[in-house]
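Given next are the chains, with one letter for each unit.
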Amino acid sequence: MAGAAAVLHGTADHAARFESKAATREPGLVKWGLIALALSFFAFFLLLPLIAVFVEAFRKGWETYFNALVDPDAVSAIKLTLLAAAISVPLNLVFGVAAAWSITKFDFRGKHFLITLIDLPFSVSPVVSGLIYVLVFGAQGWFGPWLSDNDVKVIFAVPGIVLATVFVTFPFVARELIPLMEAQGKEEEEAAVVLGARGWQVFWHVTLPNVKWGLMYGVILCNARAMGEFGAVSVVSGHIRGYTNTMPLHVEILYNEYQFAAAFAVASVLALLAIVTLVIKVWVERQAGKAATVSEDE
Amino acid sequence: MASSTSFRVLPGFGLSLGYTLGYLSLIVLIPLAAVFFKAGSLGFDHFWDAATSPRVLASYRLSFGASLIAAGINAVFGLMLAWVLVRYSFPGKRLVDAQVDLPFALPTAVAGIALTALYAKNGWIGSLLEPLGIKVAFTPLGVLVALVFIGLPFVVRTVQPILEDLDTEYEEAAVSLGANRWQAFRHVVFPTLFPALLTGFALAFARAVGEYGSVIFIAGNIPMVSEITPLMIITRLEQYDYAGATAVAVVMLIFSFLLLLIINGLQAWTAKRTGRAR
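Taken in order, these protein sequences are the chains called X and H.
At the far end of the first sequence sits residue 298, using this note's numbering, and the numbering has no gaps.
At the far end of the second sequence sits residue 278, using this note's numbering, and the numbering has no gaps.
FYI, nobody ran anything at the bench for these hints, they're computed from the structure.
Using N, Cα and C, we set each Cβ at its ideal position, and we do this for glycine too.
Don't take each hint at face value.
[Said to hold, decoys possible] Label pairs and their calculated CB-CB ranges: (1) F190(H) to F108(X): 38 to 44 Å; (2) W204(X) to G265(H): 35 to 41 Å; (3) T274(H) to A292(X): 17 to 23 Å; (4) A15(X) to T274(H): 43 to 49 Å; (5) R17(X) to P191(H): 18 to 24 Å; (6) T168(H) to G185(X): 29 to 35 Å; (7) A291(X) to P131(H): 51 to 57 Å; (8) A291(X) to T168(H): 23 to 29 Å; (9) T274(H) to A16(X): 19 to 25 Å; (10) L195(X) to S41(H): 54 to 60 Å; (11) F194(H) to Y258(X): 46 to 52 Å; (12) S41(H) to G110(X): 28 to 34 Å; (13) I51(X) to G72(H): 22 to 28 Å; (14) T274(H) to G110(X): 23 to 29 Å.
Bound-form chain H, shown alone:
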């Protein structure tokens, strides 16, 4: 790059970087540090007890388990949706494409009550499942449904651009070498998509673990059964147990930071594999 010299033509470096760092510190870094300071003041035993009480452990199992399954469902159907949107033309396609972003735009509380209305036992979908003995609303299954809803666009929107950029010639070469359509997908297209698909999966998973608004209405929030981890923080705050809330928050934050590192790595891998800029 020609810009590696120390001479700067453009103005405003000190001002813009100073403002960026100041604002970042005030809004994000200092308040986040408060959580770790608070946790540090608890002492290890107190922290450990608060972070691993039976009810909290049950919430980890539900939050992480349901988030993993939801991200898996999203990886399958998100890939399918992205494929259909890129490769085929069908009526209403533009509308479908635009509406994939609905979970980004729709307030989570609205999504939460709408999903509850649909999956409650007198709801449009719930009433169909009721005779089959399947209860969704107010069970862990309801948590899963909400997490699938909010995670879907992450997979579609990470896979879609890679699919669009794919040249037809690789598949043509595969076919000319005798591969059938499935083999061409399995051995030519899928390996190219895989880093992006994994990134989408990780993004959906990360979002699902921290999600609150869309889940609490449909979950029923039964202790030890359908309480998610963010709800444990709220519950403890309502009891003025700031130490207990902080302990759970620290566990969630450490997990988020680890996932953020993994996602950054995955995105670098995607960029390398497909030659796309990050």
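Same shape as in the complex, but just chain X:
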């Protein structure tokens, strides 16, 4: 899974197993030295930036913070971000399920090549992801003249933002489901068909319950990226205030205008979204871990 985010795995604590044996245990000094070093690195690169967002956001007090969020341009940026996510996540969810179904339940030639193609958007720079749509739909692009004749705007308009978001979040759900459904095999589904279940019944009652946690995991990662995408959206947006600005783009504009407190206020909402994403992610991992333990016990 080139460039992909983490694949769902259990949360069992392995430390006890290693720490209980002399052969896999380090002297206290080495152990605590390593912990101290790893945690300082963690603090500098992962903890401090997150804290800084909130400290900077409240530097000028609650009022500035609140005003930054109810500003009409901020509100329209929040709406556009929600719209882009509301379109791209369901589209890529349906695609992910279809792709995983065809790849894991049937045998055909070129399967691995197809998986590599699905991965492509992860290995393309966000800026290039935006550029490809400019070359297709922009004024000088393939469909540019036709679009302007028919008075349809894609680039520097909302459809372009949605398209770029769909592209960068394309593989998330498929990438979670394919390994999971591969591991589940197809015996259960085949048994259901033999017992008389029809296509959708097999999917709803047999496949879906088995993969629901992985599916949810893919959806939340997809959503986080959809709401946070910057580079690709930046290329196709044209930065028209109140019209084609998403939240990350609004942060950039405020920051470049030296309205730091306002920029960090909007950024803090996105940071909160990231924290919620991580919390749901841990919860899903725990549920998946429980489900796996139960099915092992059976």
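Position chain H relative to chain X; hints supplied.
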């Protein structure tokens, strides 16, 4: 496998594969092809001039150089973090483990302005480095800091599962044969981890080369000094130089595809070495 017969019990093959291929073509393949068509229409000389102008060459050096160094730093500290998270118990471990994924979840623009605030000369970290004469924000060093941030989870999350799956008996055997702890790590644990570590390194490197949002705020974007390659594409687009932007994009795309092939190979190697499914 029993499924190699041509008889299919399950329904929906034509529908799901057809939908997959159609959607993949519309969203990914056809737009990507547009870049190569555009580049093809430039003619080789024009393409070559646009892809190798001095300012663009300087951006390649920075982007690839800083990405390599950042991936190297991530390989060292990512391995250390994964090791600490798997092998030891300490207070707050679950929280640390969860937060390793922050760069995946935090929008890159937010990371960019947060890192800039920290490393600017009046920032929490920048003000400590300033008396030492070290400037981070608005220099190539700032680019490096941002790339370390976004690449870290790739190394931790590829190495961690391999470390968790490792049986204690190999190290016990090494110790019973007289190896000390370091020798056991160096000759028993590390070779098992190595393919995964290299995969994590390559993933972090691939991500870093294309990264835009977290870098542009802290980089300062000084021509010939701290401009990254994705920024060159943006700059040319802003000047309506679509041909020039396309030429740079093609160079980046070819590089991404090569790296994707290498990473696929590395993952196959990891799977073979550790017996884990891909």
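Hints, one by one, checked against the model:
For F190(H) paired with F108(X), a C-beta distance near 40 Å keeps the hint of 38 to 44 Å intact. Range check, W204(X) to G265(H): about 38 Å between beta-carbon atoms, so the 35 to 41 Å window is met. For T274(H) paired with A292(X), a C-beta distance near 20 Å keeps the hint of 17 to 23 Å intact. Here the CB-CB span from A15(X) to T274(H) is close to 20 Å, at odds with the stated 43 to 49 Å.
Separated by about 21 Å at the C-beta atoms, R17(X) and P191(H) satisfy the suggested range of 18 to 24 Å. For T168(H) and G185(X), the hinted distance range of 29 to 35 Å is satisfied, since their beta carbons lie about 31 Å from each other. For A291(X) paired with P131(H), a C-beta distance near 54 Å keeps the hint of 51 to 57 Å intact. Take A291(X) and T168(H): their Cβ atoms lie about 27 Å apart, and the range 23 to 29 Å holds.
At roughly 22 Å, the beta-carbon separation of T274(H) and A16(X) lies within the given 19 to 25 Å, and the hint holds. A beta carbon spacing of about 58 Å between L195(X) and S41(H) agrees with the range 54 to 60 Å that was offered as a hint. The given range of 46 to 52 Å is respected by F194(H) and Y258(X), whose C-beta atoms sit roughly 48 Å from each other. Taking 28 to 34 Å as the suggested C-beta distance range, the pair S41(H) and G110(X) conforms, at roughly 30 Å.
Range check, I51(X) to G72(H): about 27 Å between beta-carbon atoms, so the 22 to 28 Å window is met. Distance hint for T274(H) and G110(X): a CB-CB separation of about 27 Å, consistent with the stated range 23 to 29 Å.
In summary, the structure is inconsistent with hint 4 from the numbered list given earlier, while agreeing with all the others.
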